[in-house]
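Construct the entire structure; sequences and hints are all you get.
FYI, in this note's numbering the residues of the sequence shown are 1 to 185.
Hints are computed from structural coordinates only; laboratory data are not their basis. Each hint should be verified, as a subset may be incorrect.
Claimed, not checked - Below are the DMTMM-like pairs computed for lysine to aspartate or glutamate, each with C-alpha atoms no more than 20 Å apart in a straight line:
hint, residue 1, residue 2
1, 75, 62
2, 52, 18
3, 45, 18
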Amino acid sequence: MVSATEIKRGTVIKMDGELYLVVDYQHVTPGNWRGMVQAKLKSMKQGNVVQKRFRSTDKLEDVFLEHRTMEYLYKDGENYCFMDTENYEQVLLPKEAVEDAMPYMTLNSQAKIAFYEGKALSVELPTSVSLKIVETDPGMKGDTVVNVYKPAKLETGLVVKVPLFINNGEVIKVDTRTGEFLGRE
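Take a look at the structure:
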């Protein structure tokens with residue numbers, strides 16, 4: 001059990017028999033009331049986000065998740081197939097569990113998969129990934145105005161804003177938390 005004031009982003013809690021990932025939280029102390037924690041929780045089963053308010057004295061059941069490095073192999077209808085890099089075991093994850101991660105994943109890319117009681121729940125990406133630009137407007141000579149960006153479509157279909165000097169075919173680093181351009185590879 002963990003106190004409501006001890007939760008943080010990325011913590012997984014069990015509530016009403018269901019697992020929730022803490023997406024965001026805020027400790028609030030309004031006026032002369034007692035402190036409380038407002039949290040955005042994402043259901044690990046259904047993928048929907050709910051807002052919940054806890055008193056600072058509430059106790060929550062935190063959950064230990066096992067993490068394994070797995071490789072993305074292919075999409076099979078509504079499911080995505082991942083293979084364990086150590087024992088070559090394959091696992092199918094439903095679309096709801098991986099939809100936030102897929103814009104950053106190419107075939108054969110690796111990610112950590114969270115397991116609870118032997119069941120695969122979600123994909124955890126590294127903080128940045130390298131992706132190839134497949135479509136963007138060419139930069140014109142003399143376009144040197146500071147902080148001017150153009151849209152670029154990446155190999156996964158994700159569209160990010162990049163500086164004018166970036167061209168088709170270049171490999172760039174993208175922040176998986178914000179979806180922003182970080183730099184050239």
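A quick look at each hint next to the structure:
1. For the given pair, residue 75 sits about 32 Å from residue 62 by alpha-carbon distance, which is inconsistent with the 20 Å threshold.
2. With a C-alpha separation of about 14 Å, the suggested pairing of residue 52 with residue 18 holds against the 20 Å cut-off.
3. A threshold of 20 Å between alpha carbons decides the hint, and for residue 45 with residue 18 the separation of about 7 Å falls inside it, so the pair holds.
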